[in-house]
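There are 2 protein chains.
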Amino acid sequence: MKLSKFFTKTEREAPKDEISVNAQLLERGGFVYKNNSGIYTYLPLGWRVLGKINKIIREEMDAIGGQELFMPALVNKRYWDASDRWDVAVAYRLKDEFGHEFALGWTHEEVITEIAKRYIQSYKDLPVSVYQIQTKFRNEPRAKSGVIRGREFLMKDLYSFHADEEGLNDFYEKVIEGYRRIFERCGLKTYLTEASGGAFTKEYTHEFQVLSEAGEDTIFYCESCDYAQNKEISKLVKGGKCPKCGNMTNSGKAVEVGNVFKLGTRFSEAFNLYFVDEKEQGHPIVMGSYGIGPSRLMGAIAEVHHDENGLIWPESIAPYKFILIALEHSYEKAEKIYQKLLESGMEVLYDDREEKTAGEKFADADLLGIPVRLVISERTLKSKSIEIKKRDKNTKELVKIKDIDSILTEA
Amino acid sequence: MKLSKFFTKTEREAPKDEISVNAQLLERGGFVYKNNSGIYTYLPLGWRVLGKINKIIREEMDAIGGQELFMPALVNKRYWDASDRWDVAVAYRLKDEFGHEFALGWTHEEVITEIAKRYIQSYKDLPVSVYQIQTKFRNEPRAKSGVIRGREFLMKDLYSFHADEEGLNDFYEKVIEGYRRIFERCGLKTYLTEASGGAFTKEYTHEFQVLSEAGEDTIFYCESCDYAQNKEISKLVKGGKCPKCGNMTNSGKAVEVGNVFKLGTRFSEAFNLYFVDEKEQGHPIVMGSYGIGPSRLMGAIAEVHHDENGLIWPESIAPYKFILIALEHSYEKAEKIYQKLLESGMEVLYDDREEKTAGEKFADADLLGIPVRLVISERTLKSKSIEIKKRDKNTKELVKIKDIDSILTEA
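Protein chains in written order, with my numbering: chain C, 1 to 411; chain F, 1 to 411.
Careful: at least some of the hints might be erroneous.
Copies of one chain are not kept apart here, so a pair can be met inside one copy or by any two copies together.
To be verified - Only pairs whose alpha carbons sit at most 25 Å apart, straight line, appear in this in silico SDA-like list of lysine to any residue: (1) Lys55 / Asn36; (2) Lys5 / Gly291; (3) Lys356 / Ala163; (4) Lys361 / Thr218; (5) Lys9 / Arg58; (6) Lys16 / Glu387; (7) Lys174 / Glu184; (8) Lys174 / Lys241; (9) Lys336 / Glu280; (10) Lys384 / Cys245; (11) Lys279 / Phe362; (12) Lys390 / Leu192; (13) Lys393 / His283; (14) Lys384 / Glu59; (15) Lys238 / Lys389; (16) Lys95 / Trp106.
FYI, nobody ran anything at the bench for these hints, they're computed from the structure.
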């Protein structure tokens with residue numbers, strides 16, 4: 001993609017109404033546009049990052065047997081009445097002119113449970129799990145954390161169905177392992193944190209927390225064994241003893257990037273979702289529910305991976321792997337190298353803007369956080385070379401143009 | 001994917017409240033689930049079909065230079081006030097407890113025009129085009145055509161920005177060619193049909209129409225030169241003379257699967273979206289808007305491609321290319337062939353359900369409309385063969401198992 005043809009531009013200043021680091025950097029870079037408080041457009045750069053995050057999530061959900069589907073946002077009142085969640089504070093409710101009442105889906109336990117009734121009758125139909133990546137709506141009273149707490153946001157929600165608690169427990173562990181892989185692949189160190197069940201369950205649940213000053217939670221955690229508890233339920237103190245390994249615990253603010261819930265039979269009983277076992281006995285199905293917000297995840301990554309000059313995307317989710325910068329009279333040569341990179345299947349952003357100074361181009365490359373910067377100038381061309389610099393390193397390297405193919409494949 | 005592990009099952013009978021062919025077949029096959037009138041869940045099979053349709057659309061939109069982004073569904077009242085479209089009949093409107101008023105996005109001209117103001121100032125920023133594939137909401141008074149007319153549905157909407165009418169006209173033709181390729185690749189014969197401008201413009205617009213009894217439109221069309229007009233604006237009659245080539249015109253019911261609009265400066269003037277030309281003179285930007293509904297497209301394809309036994313998906317958008325059916329004592333051998341097909345990267349559904357009869361399995365394969373059926377049974381194994389039958393042909397063929405690799409690559 002050529003920057004001269006790109007829909008968005010970078011901005012020198014962050015919008016005055018954005019106080020969170022993620023929103024400031026993402027807006028300045030042209031990754032997102034704020035339509036209203038908590039309501040964002042994902043611009044081409046941001047949508048590419050989300051596409052990569054979603055691809056990682058899909059791969060890991062498919063690997064544990066999840067089947068992808070797509071449920072509606074208009075969720076009829078009958079669903080919420082069945083589970084007694086019509087009046088939940090965060091729901092956007094509406095009544096149409098035919099008198100139909102809906103809440104915009106802020107979660108989908110109710111909808112998936114009704115659907116499951118059509119397809120699950122016997123123990124032979126279990127276990128099974130389905131997921132979607134879909135827009136959710138929650139009317140958050142405070143929406144000041146950029147894309148970390150949106151009123152409209154992307155969510156991956158996975159639901160699982162089991163014959164018994166044991167089946168649920170096994171799958172719950174599989175999801176936790178899948179989630180660990182997702183966050184690792186996205187470049188995040190997470191703590192699996194014990195937390196309260198909230199509106200869903202009375203048992204403890206688990207959250208995946210990322211340490212960050214942008215977080216709305218506080219966790220106590222142990223750096224030795226990775227044990228962690230949310231402050232809300234914790235009896236731990238900072239500097240106390242970890243109940244697992246005895247080492248000293250620490251505390252910090254954290255962003256919740258994923259959660260796993262054992263729902264038990266709360267929804268299957270509300271919707272009469274039963275199966276018959278080998279002996280033709282009926283039982284309510286045991287369910288689990290597991291969430292990751294891809295747009296929130298993008299925000300958490302921006303909070304963790306940046307410096308004073310801008311974003312530093314992990315390569316796995318960067319919108320482009322390379323940014324090629326042409327300076328002075330090198331545009332002709334740069335165009336050839338750009339075409340060559342495209343032909344080799346490289347994801348490259350080409351800064352071909354002749355009206356911009358070298359300083360402006362370097363600043364934009366840093367702000368956008370593209371992992372590898374390539375510079376062609378009169379100076380580098382004198383030695384038939386191209387300058388390579390990684391976003392997260394300070395060292396530059398001159399590489400002969402004839403050798404760049406192999407270098408870039410390794411980079 | 002093994003059918004024994006699949007979330008959905010086929011149904012013998014269509015739901016009684018579905019009168020359209022597409023909804024009957026899609027529900028019976030387990031492609032969609034109706035949550036409410038005009039509101040559907042896309043189940044794993046349907047979501048796979050939509051994924052393939054969306055991929056084709058993305059490829060063709062990218063090829064004409066469209067940049068993908070993703071706008072919100074909650075569209076604040078200020079947007080609609082600016083264009084005087086707050087009171088449009090199809091809009092779902094809501095007011096939250098903070099007093100914010102929104103309509104759920106039934107189209108996005110307003111939102112994209114406001115966003116464009118941040119990034120387009122000069123003639124150097126033009127032309128540019130952006131698109132999204134995103135859920136739209138329209139409170140249709142009648143929603144009886146299955147996924148062809150949803151109250152909540154997927155839409156690909158493309159918006160283009162130009163310095164003048166000439167630039168718009170050039171791009172408009174490029175979009176028409178892109179749309180032709182999309183519909184061809186999805187296995188649909190479409191007529192580019194002149195139609196009225198509706199709420200958007202006073203000029204004629206163009207619709208892509210597919211002849212089908214399920215259609216809500218009537219078109220006059222010429223089979224010789226493909227000229228067509230929507231009955232709403234037409235002075236043509238059936239059996240009359242085509243104004244283009246002089247041959248006889250025909251008439252028929254049709255489903256609109258795409259449309260292209262020249263918006264002119266309607267929205268740029270409403271939102272004050274101006275650019276400065278080379279002489280530093282300001283002008284309102286000239287815009288175009290172009291829609292395709294992927295979920296409606298799936299419905300139209302189901303209407304056109306089926307027989308009395310079920311769906312007949314074109315290979316390009318089939319959820320799986322192959323269905324492998326194991327009969328009698330062939331499960332062990334079938335499992336090996338299934339694994340081999342997966343390893344070769346083939347998309348294959350494996351009917352491993354031992355409790356089902358041959359007749360039930362054949363009926364399901366036909367209903368699901370998978371392009372190529374492979375059968376392994378005691379009989380075929382006697383000659384070390386597998387039976388191959390295409391969904392749209394009546395002939396069967398026995399192929400030696402050792403030769404299937406090359407055969408399937410060609411199939």
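- Message: I'd like to know which numbered hints this structure contradicts. Please list them from smallest to largest.
- Response: 1, 4, 6, 8, 9, 10, 11, 12, 13, 14, 15
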